[in-house]
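Using the sequences and the hints given, assemble the complete structure.
These are the residues of each chain, in order.
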Amino acid sequence: MAMKDLKIVGQPVKLRDLDTHVTGETVFYEDVRVPRMLHLKMHRSRYPHARILGIDTSQALSSPGVVTVLTHEDLPGKKLYNALAGAGVGPEDEPVLAFDKVRWKGESVAAVIAETPEQANAAVAKIKVEYEELPAVFDVEEAIKDGAPNLTAHWPNNHYVYPDDHRAAQIRYGDVEKAFAEADHIVEDSYQTQPIEQAPMETNGCIAVPEGDGRITVYSNTQALQFSLDVTAGILDMPTSKLRFVGGTVGGGFGGKVDIQPEPITTLAALRTGRPVKFKYTREEEMQVSSSRSAWRVYVKDGVMNDGRIIARKVTTYQDSGAYLRFSSYACMKHCGHMPGPYTIPNVSVDSIVVFTNRTPSNAMRGFGVMAGSFALEVQMDKIAETIGMDPWELRLINAYREGDMKAHRKEVEDAGMVESILAAAEMAGKQLPENFRNMSSLDRKAG
Amino acid sequence: MASGIVSIKVNGRAEEVVTGAVTTLQDVLRNNLDYTSVKDGCSQGGCGACSVIVDGELRLSCLTPVQEVDGSEVVTLEGLNLSNSITALQQKFIEKYAAQCGFCTPGMMVAITALLDRNANPSRDEIAEALAGNICRCTGYLPIIEAVESIVAEMAGIAGD
Amino acid sequence: MTKLRGTGFAAVNYPTGMHLGGDPTQSLVHATTSGNFVVTMSSVDLGQGLKTILAQIAAEALGVPYDTVIVDTGDTDTGPHCTGTFASRTTHRAGNAVIMAAEEARKVMLEVAAEKLEVGVEDLETDGLGNIHVKGVEDKAISVAETAGAAHFELGRTISGRGIYLKPPSPMDPETGESDPDSTQAHACTVAEVEVDTETGDVQVLAIKSAYEVGQQVNPELVKGQIVGGAWMGIGHALQETTAPYYPAIDHAPRDFQTYQMPGAVDMPEVECEVLEIASRNGPFGAKGVGEMVTNSPIPAIVNAINNALGVRITQIPVTPEVVLRALDEKAAGGG
Numbered sequence: 004m005a006m007k008d009l010k011i012v013g014q015p016v017k018l019r020d021l022d023t024h025v026t027g028e029t030v031f032y033e034d035v036r037v038p039r040m041l042h043l044k045m046h047r048s049r050y051p052h053a054r055i056l057g058i059d060t061s062q063a064l065s066s067p068g069v070v071t072v073l074t075h076e077d078l079p080g081k082k083l084y085n086a087l088a089g090a091g092v093g094p095e096d097e098p099v100l101a102f103d104k105v106r107w108k109g110e111s112v113a114a115v116i117a118e119t120p121e122q123a124n125a126a127v128a129k130i131k132v133e134y135e136e137l138p139a140v141f142d143v144e145e146a147i148k149d150g151a152p153n154l155t156a157h158w159p160n161n162h163y164v165y166p167d168d169h170r171a172a173q174i175r176y177g178d179v180e181k182a183f184a185e186a187d188h189i190v191e192d193s194y195q196t197q198p199i200e201q202a203p204m205e206t207n208g209c210i211a212v213p214e215g216d217g218r219i220t221v222y223s224n225t226q227a228l229q230f231s232l233d234v235t236a237g238i239l240d241m242p243t244s245k246l247r248f249v250g251g252t253v254g255g256g257f258g259g260k261v262d263i264q265p266e267p268i269t270t271l272a273a274l275r276t277g278r279p280v281k282f283k284y285t286r287e288e289e290m291q292v293s294s295s296r297s298a299w300r301v302y303v304k305d306g307v308m309n310d311g312r313i314i315a316r317k318v319t320t321y322q323d324s325g326a327y328l329r330f331s332s333y334a335c336m337k338h339c340g341h342m343p344g345p346y347t348i349p350n351v352s353v354d355s356i357v358v359f360t361n362r363t364p365s366n367a368m369r370g371f372g373v374m375a376g377s378f379a380l381e382v383q384m385d386k387i388a389e390t391i392g393m394d395p396w397e398l399r400l401i402n403a404y405r406e407g408d409m410k411a412h413r414k415e416v417e418d419a420g421m422v423e424s425i426l427a428a429a430e431m432a433g434k435q436l437p438e439n440f441r442n443m444s445s446l447d448r449k450a451g
Numbered sequence: 012m013a014s015g016i017v018s019i020k021v022n023g024r025a026e027e028v029v030t031g032a033v034t035t036l037q038d039v040l041r042n043n044l045d046y047t048s049v050k051d052g053c054s055q056g057g058c059g060a061c062s063v064i065v066d067g068e069l070r071l072s073c074l075t076p077v078q079e080v081d082g083s084e085v086v087t088l089e090g091l092n093l094s095n096s097i098t099a100l101q102q103k104f105i106e107k108y109a110a111q112c113g114f115c116t117p118g119m120m121v122a123i124t125a126l127l128d129r130n131a132n133p134s135r136d137e138i139a140e141a142l143a144g145n146i147c148r149c150t151g152y153l154p155i156i157e158a159v160e161s162i163v164a165e166m167a168g169i170a171g172d
Numbered sequence: 177m178t179k180l181r182g183t184g185f186a187a188v189n190y191p192t193g194m195h196l197g198g199d200p201t202q203s204l205v206h207a208t209t210s211g212n213f214v215v216t217m218s219s220v221d222l223g224q225g226l227k228t229i230l231a232q233i234a235a236e237a238l239g240v241p242y243d244t245v246i247v248d249t250g251d252t253d254t255g256p257h258c259t260g261t262f263a264s265r266t267t268h269r270a271g272n273a274v275i276m277a278a279e280e281a282r283k284v285m286l287e288v289a290a291e292k293l294e295v296g297v298e299d300l301e302t303d304g305l306g307n308i309h310v311k312g313v314e315d316k317a318i319s320v321a322e323t324a325g326a327a328h329f330e331l332g333r334t335i336s337g338r339g340i341y342l343k344p345p346s347p348m349d350p351e352t353g354e355s356d357p358d359s360t361q362a363h364a365c366t367v368a369e370v371e372v373d374t375e376t377g378d379v380q381v382l383a384i385k386s387a388y389e390v391g392q393q394v395n396p397e398l399v400k401g402q403i404v405g406g407a408w409m410g411i412g413h414a415l416q417e418t419t420a421p422y423y424p425a426i427d428h429a430p431r432d433f434q435t436y437q438m439p440g441a442v443d444m445p446e447v448e449c450e451v452l453e454i455a456s457r458n459g460p461f462g463a464k465g466v467g468e469m470v471t472n473s474p475i476p477a478i479v480n481a482i483n484n485a486l487g488v489r490i491t492q493i494p495v496t497p498e499v500v501l502r503a504l505d506e507k508a509a510g511g512g
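Chains as they are written, first to last, in our numbering: chain X, 4 to 451; chain C, 12 to 172; chain P, 177 to 512.
A portion of the hints provided could be inaccurate.
Claimed, not checked - Simulated crosslink set (DSS-like; lysine-lysine; CA at most 30 Å straight-line):
#	chain 1	residue 1	chain 2	residue 2
1	P	K507	X	K304
2	P	K283	X	K10
3	P	K316	X	K386
4	X	K414	X	K181
5	P	K507	X	K10
6	X	K17	P	K400
7	P	K179	P	K507
8	X	K434	P	K311
9	P	K283	X	K434
10	X	K10	P	K179
11	X	K386	P	K179
12	X	K304	X	K434
13	X	K82	X	K10
14	P	K316	X	K10
15	P	K283	X	K17
16	X	K386	X	K304
17	X	K414	P	K507
Calculated directly from the structure, the hints in this document are not laboratory data.
Keep in mind the model is a prediction, meaning the values are calculated, not measured.
And the structure:
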């Protein structure tokens, strides 16, 4: 089925950057050398949930080597942002630098800019923030109960609100309740994943360099250069023409470099000081401050017939967004659109809910919104096979979608290859399947 | 340890560095002397991206106070690049696609060079064990192990000829 | 001490491109006067090989040698817009944008060659080796380099092209979820074999065998690199990785690679893979995205293998030794 008569597409040519990777000559953002560079370090909240009563930077300002300290009072533009605001996602709920409250342990409060990283660190320790600690909530289902500590007035019930006042991104296809009543078996379970760190070997960071003409060049390891530029300009209320982002060769991403966390504050620091400023996350910040993969809790309820056909699937999912929205509403929609997995099921209902907790905000990682769904569904498929006494390979092959089948989000399946993949893997594993299963294909329903 | 002047030889060149109380060898190599192959992946001794060779021994430069290596000979990947002996290993890395993002690669090259210096014929298990201190988040290690196996086989072939 | 073995598998699909579309990427292609081609982008290479595959796609679409294609990316002052490197989108979006730009440049290149050779454009073809010749008449030819020089210095024409790929946004119906969310779907089925130590709870993955259906492969070695690296990450996710080991509590959060555990080189099993190619109707030369799904299929396969080995039903990740031992205790108590 693959395209024929190709000359270079399809060939294993060598990886272009490898020549310099093996000699150590590849230039990552941090290898750019700029003179008179300052270093930024962040003072972060000690509590997962607390009211800020006062921020005292006086001792930090007089600390050796310190050039300036930035708090929310120094922000020229927005105090609250969401990186997807330009795409219509909102409301903007996340402080650039905390002012009224902190909502997770590690939240940015004040930035110190100093001659050396050591001097910046020493001054960070001298910032005094007076807090009134508040009760915190960490579990998604606890967070949406009546009486749970509320994180922010933006989300009165600690969950995101989708258009038309829906509390979930949802799919409604067929009639699941009717099908459950007709099913020979009901198979139910819940599945849980935990927050995971993208852990690129190069941590998040950037160097912002004033060019003398009013423009700032930002050397960044972002996964999205123009996006980072636009978000930075938006937060700082500056024309996009004043910014140039340079990057494109990055020491691993895995979704961990789409946050636009270091760039806005570092750009502001460069504007204020007139000098190049570097902000590089420590490994500890990368682990605990940069956003993680979300934790997901997925409830699956299936109606199954004795012959193995799944006739109904109901999924209720809680995504732990952490303290702020970031891209979670997108992830829950993607999770929703992925259901019911690579299977054709005539009755499907999905509720995919973004929940806010006092945890490090979560964000993208390899398989954003889908990984936890695939995990839940495929462990569930084994439970179905066990429950009805059917071979798990045959169960999947019976239900796998075929070319032209209607998906739950009402788009026909195109370019299908699930059946072929299952059959190929079965052969690799030495699995003996009956001939009628071996002869299945993604085109067999079309054929007849 | 107080500030002072430390003398080291880096890649064959004598250097004198003014150090602070907590200056690491990594900081001196990367930031004072611009040997940018010495990567900063964690500064906690956990990833191996800053590996260098000090007086013939593999060291994590991020955990090495520079005062501790006063008078020593230090070799970074830039130094290894000057010798012909690493070219074949680099070629194997390219052939086996043994790097993706490339951030861990300099540390890998140094660690593997140190391994082959002390054991010219390591087994697959010995190769994997030697990489215990070097994290790669991209490749799953198998292409790196294959690259080393193939250079070992090649060297054994040459030795046997 | 008892070691129990088990096998499990999982079947997954994965969408190509940002969910619900609306994520464009642009490309500019131009010839230098000596017949090289510069592909200007602002897309980001995270190590997956974006620069390499875009050069392959450009060379294929232009009909010129791979080595004469220069990919210039990573500067917002010069490169046109790219939404970003995520959502298994870049091969598809950037690849399609490069094809569009390359086709426009190729058209001018052939027009100039036709004028020089005094033949019709429709009579010409490229050999991929740096020459343009009359179909079936290989010695009636002009080199790409000579064509590019003539275009600039003699005819005053630019051999250049502009490309964009946009999947139009498809908002989701808030009630039913109706939408056209993806460009295509890639598929995978992974089989995992494990050995579980019932005394310590340690799980060792003995083998990962996968079939991946990814459309046309642009570069099979880079696809394999994703599959092997993804299998390793999948093992880590299934067995070890978490930033909140006492989830939902936030205590004992790891701060370094000593406490954030990932598999080492010694933990890596053999990874066998077979790649199937069922072309995507809208992908560049039929390609689909592969970079993310490679982590998704091993995770449930490994958990299913552990459940198969132990006769338990673990439904959470990571499956740490503690999770294994608790499951065995529950089973012994009659729960399983």
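(request) Kindly indicate which numbered hints from before are broken by the structure, ordering the numbers from low to high. (result) 3, 5, 8, 9, 10, 13, 17
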